[in-house]
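Novice: Letter by letter, the chains look like this.
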Amino acid sequence: MAMTLTEKILARAAGKDRVNPNDNIWVNVDVLMTHDVCGPGTIGIFKKNFGGDAAKVWDREKVVIIPDHYIFTKDAMANRNVDVLRQFVKEQNLPYYYDVGTDRYKGVCHIALPEEGHTRPGEVLLGTDSHTCTAGAFGEFATGIGNTDAGFVMGTGKTWLKVPPTMRFIFHGELPPYLMAKDLILAVIGDIGVDGATYRAMEFDGDGVYALNIEERMTLCNMVIEAGGKNGVIAPDQITLDYVNQRNKSKKPYTVFKSDPDAKYIFEKVYDVTKLEPVIAKPHSPDNRAFVSEIKGTKLDRAYIGSCTGGKLTDFRAAAKLLKGKEVRIDTFVVPATTEVARGLETEQIEGQSLKEIFLAAGAKIGDASCAACLGGPADTFGRLNNALKCISTTNRNFPGRMGHKEAQVFLASPLTVAASALTGEISDPRDLLA
Amino acid sequence: MQKVIRGRAFVLGDNIDTDQIIPAQYLTYNPAIPEEYRMFGKYALAGVPAPQMGLPKGHIPFHTRDEFVSDYQIIVAGKNFGCGSSREHAPVALAAAGIQVIVAEFYARIFYRNCINGAYVMPLETSQRLVDEIVTGDELTIDLEKEILTNHKTNDQWKISGLGEVAEIFEAGGIFNYARQKGMFAG
Numbered sequence: 001m002a003m004t005l006t007e008k009i010l011a012r013a014a015g016k017d018r019v020n021p022n023d024n025i026w027v028n029v030d031v032l033m034t035h036d037v038c039g040p041g042t043i044g045i046f047k048k049n050f051g052g053d054a055a056k057v058w059d060r061e062k063v064v065i066i067p068d069h070y071i072f073t074k075d076a077m078a079n080r081n082v083d084v085l086r087q088f089v090k091e092q093n094l095p096y097y098y099d100v101g102t103d104r105y106k107g108v109c110h111i112a113l114p115e116e117g118h119t120r121p122g123e124v125l126l127g128t129d130s131h132t133c134t135a136g137a138f139g140e141f142a143t144g145i146g147n148t149d150a151g152f153v154m155g156t157g158k159t160w161l162k163v164p165p166t167m168r169f170i171f172h173g174e175l176p177p178y179l180m181a182k183d184l185i186l187a188v189i190g191d192i193g194v195d196g197a198t199y200r201a202m203e204f205d206g207d208g209v210y211a212l213n214i215e216e217r218m219t220l221c222n223m224v225i226e227a228g229g230k231n232g233v234i235a236p237d238q239i240t241l242d243y244v245n246q247r248n249k250s251k252k253p254y255t256v257f258k259s260d261p262d263a264k265y266i267f268e269k270v271y272d273v274t275k276l277e278p279v280i281a282k283p284h285s286p287d288n289r290a291f292v293s294e295i296k297g298t299k300l301d302r303a304y305i306g307s308c309t310g311g312k313l314t315d316f317r318a319a320a321k322l323l324k325g326k327e328v329r330i331d332t333f334v335v336p337a338t339t340e341v342a343r344g345l346e347t348e349q350i351e352g353q354s355l356k357e358i359f360l361a362a363g364a365k366i367g368d369a370s371c372a373a374c375l376g377g378p379a380d381t382f383g384r385l386n387n388a389l390k391c392i393s394t395t396n397r398n399f400p401g402r403m404g405h406k407e408a409q410v411f412l413a414s415p416l417t418v419a420a421s422a423l424t425g426e427i428s429d430p431r432d433l434l435a
Numbered sequence: 436m437q438k439v440i441r442g443r444a445f446v447l448g449d450n451i452d453t454d455q456i457i458p459a460q461y462l463t464y465n466p467a468i469p470e471e472y473r474m475f476g477k478y479a480l481a482g483v484p485a486p487q488m489g490l491p492k493g494h495i496p497f498h499t500r501d502e503f504v505s506d507y508q509i510i511v512a513g514k515n516f517g518c519g520s521s522r523e524h525a526p527v528a529l530a531a532a533g534i535q536v537i538v539a540e541f542y543a544r545i546f547y548r549n550c551i552n553g554a555y556v557m558p559l560e561t562s563q564r565l566v567d568e569i570v571t572g573d574e575l576t577i578d579l580e581k582e583i584l585t586n587h588k589t590n591d592q593w594k595i596s597g598l599g600e601v602a603e604i605f606e607a608g609g610i611f612n613y614a615r616q617k618g619m620f621a622g
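Protein chains in written order, with the numbering used here: chain X, 1 to 435; chain Y, 436 to 622.
Take these hints with a grain of salt, some might be off.
Cut-off 20 Å, straight-line C-alpha distance, at most; resulting in silico cross-link-like pairs (EDC-like, lysine to aspartate or glutamate) [unchecked claim]:
hint: 1; chain 1: X; residue 1: Lys324; chain 2: X; residue 2: Glu407
hint: 2; chain 1: X; residue 1: Lys162; chain 2: Y; residue 2: Glu600
hint: 3; chain 1: X; residue 1: Lys47; chain 2: Y; residue 2: Glu470
hint: 4; chain 1: X; residue 1: Lys390; chain 2: X; residue 2: Glu294
hint: 5; chain 1: X; residue 1: Lys47; chain 2: Y; residue 2: Glu502
hint: 6; chain 1: X; residue 1: Lys162; chain 2: X; residue 2: Asp17
Rather than coming from a laboratory, the hints here were simulated on the basis of the structure.
The following block holds chain Y by itself, in its conformation from the complex (with noise of 0.2 Å):
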């Protein structure tokens, strides 16, 4: 696993649910099936309310380069992020996108679940309301040994939270793998 990770911030609200992530008649695509994964990283966030696309500002496109893969690779958010759906696609689609890290004051349960299980997208926690502190565009560093998130455009720097015990099975790329370590099962 990457110890430093350095990206560009997309910056959205509160409540993000599955539905706002990666809408339900995408769902069709089956994620097991690699021609198809891609289009999940096409459609993450679409369901984002354009006003509430890329804060403060908002109507900020999370694609503009490559329609399947975003011009940022950090997300930074507010409460109760993946909240509704039990939708592995959630992840999935940030994920597909190329969103290596979410900086988020807490998760859903699911979905936090899903994105350790799978080893999707790291969800990292923060006390701090970053949201008001983070301008989408800016250029972070996450170093996750020392648990400090870094933004280059003002210096400032916050004290984040890693994934604590569940860091294992991520580390491990995914339950599967973590299970097969643990020799839990032969598969």
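Extracted from the complex, chain X is given alone in its bound form (with noise of 0.2 Å):
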């Protein structure tokens, strides 16, 4: 019987031939990630049920701690939360741990984890923040889960799971310079809504997912969860490997898995992409979708570019060529999503100027890496929403106060419109500036 990649993942951590959509199943889990928000209370759980402090975790090459959230505010309770996970590293002596104020200090953990090798094609990757699955990109099954479940993970190494059935996605053709994958997830977003892909899979497929590069199919995975999805994934290919083998740093195996030619999709839906146009999220839903030249000309009071959505090498690159020379008319925060993403930009150079150089020149303010005010956080974050301004950003969700501000406006856009709206202060059409 044919399966779907995610199907084939599933059974093999499962330790079986095959499973079926909706099979409830154990697995076996390759890596847990969690962070300083949900680190604490995992800990606090884990603590609680195996054993207080004589408590092990079940393998520690397999925890991986990366705080990103919280980490350049003065909130003393944010950095109290920094220091449990510290305490927990050394008390467990685990391996894995990008520490603030260390040269090992990351950012933003689902950029992060690819960088340092943690992510491996047909493993299963979870996460205690609902943007875990970005790492479907690397042909793995990663999802987001709650403390609790990651309390369970920590010391048994087990989870149960549904398995989801597959939406597939496909996109023919190659992306027009004025488009970038994150205007066609917000297409799929605005075609099967903020619940479309509720407890089910997205995988995507076609050539014109292969023609992206690693970080672009890293976008489009990254918000399945806008949609509900409980995953995404991308089957590996050439691409894949060579950044993972660059990146595994500990040489461990891997299975490469593919879906089957007849495997059963409950849904497909295939996508032109030289027929696109740029595509906008207007507040306060991913799935408000506009085209961008049809709300061209709304006044903005702020640019942001930054998260793991869209604060990757390719996203500063792309927001570089339209900013390059010109000014920014409303305020713009640039915030890479991991340091070595901002060691990116100083060495990245378009016609002999860096990346930062391009930012600063134009007007923008740079931020150390992190997750930012994408969430809003702690009133000191920096470029957090603290009035009710209207912003565009290339982060992920725009719902009420996401931000930070409730009454605050957020639109959601590729790197591209960004820059453009940036420089006009309005709504604006990277058409119109890269023609």
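Given two chains presented individually in distinct reference frames, assemble the corresponding complex, making use of the accompanying hints.
Specialist: As structure tokens, this is what we get:
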């Protein structure tokens, strides 16, 4: 019987020859990731249930702890939470901890995980963050869980999952220079809605997907949760394997799975990417889709480029291309997802000027690598919307209050559209600037 | 587990995401520490825009008598309740505020799982658009065995869906107790 990519990964993790959609199965977890917001609660639940201070994690090599949410803040409670992580790592002698204030500090966990070689095809990755689904771009099953689930995994290395039926989205054609993966995923979410993939896997396929670099594929998988999806996944190709092999320092073996040609999908939709226009999600929902051309001219107060969704080097390269030699007309915040991306801003150049120089010359403010204002956070968070501002952002969610103020209005768009809009102070179509 | 739950309804709309249930600035509290747990009750629903607070009228405060505990025990909501982030602080916040049951059309996956695994608050489903029928403040009774919701204000009754195959986990008091009962681990 044919299986989808997601079914094959879960069958392996369950030690079974096959699984079917809606089966409840117990799986072995390959990597458990937590961070400063959910780590302390997870650790509390883990200790309570596995013998207090004598509790030991099930496998030191499989627990990864990445503080990233509330890092550059004076908030004492937030700083305390990082101390809780630090203490736990010391007690458990965990090798994979990326501590604040050290050379190992990374920033946003979903980008740090692949950079540090914690993402491998065929594995099961669980994280206490809904955007854990990002790692599906590496051909693995990756999904977000709560503290209780994570505490359970921490002690046992296992969890139960319901096998999701798979929806397949096929992209054909080469992306035009004015479009990015962000436009594709916003188009998909607009089509199926913020609940359109609830309890389902979303598999991306087609030559349009395989023409994308690995960071763009991560953007596609990153936002499946915005459609309610359990996981997003892309079968590995040579681009995936080259990236993984370069980063997989532990040389841990992995398994490459692909969907069978006759695998069954619960839904299928085909897109011709050459016919798509730049897409935007209006306030206050990621599925409140419009074409940028339809709301062009809407006045803005702020532009924000950052997060696991839109703070990778590819995102900044695209934004810098438009901002080079020009000045922004509204407050523009640039936040690299990780310290590696931040270094890239200094080393990567366009016609002899580094991306960092381009952003600074354009009048943008550059922050330190972290989740920053994507989810609001403490009041002193860099770029946070502390007033009822209108902001265009490369981030992932625009429900009320997501970036801070309840009455703020957030428009979600690609780094190209955000950069174009920063230059004019109103929602602008990147096609008008790339012409 | 209680088989009949009576309480006052607080009515919300569709797509109430976890940032509205507990805004990100309050996630610095650690729910595993009892003194901090109660803070989640204080800030539960702090992110819901005022016009959406307590439908159909809106602008209804969730707490009046006690800053940590709500005047309401049952939330009635529309589609996709609990969408957004994976933060378990969301069901924790509702439970800390004294909410025992949510009746929504359906839930986002991680939120639902968190409700059950921690046995915080019972996520029940309805195929009816109850947010158009029930008014914030109405006194409701939920009979879990008969799967019937009664509105004492109007005497209307509706069929609701129970927890189905995960009821056992909730009744056990969450996934850890359930796993112990099933002999899955000794802890």
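Novice: All the hints need checking, so say for each whether the structure fits it.
Specialist: Results for each hint:
no.: 1; hint: X:Lys324 <-> X:Glu407; verdict: violated (33 Å)
no.: 2; hint: X:Lys162 <-> Y:Glu600; verdict: holds (12 Å)
no.: 3; hint: X:Lys47 <-> Y:Glu470; verdict: holds (18 Å)
no.: 4; hint: X:Lys390 <-> X:Glu294; verdict: holds (17 Å)
no.: 5; hint: X:Lys47 <-> Y:Glu502; verdict: violated (30 Å)
no.: 6; hint: X:Lys162 <-> X:Asp17; verdict: holds (16 Å)
Hints 1 and 5, counting from the list given before, are not met by this structure.
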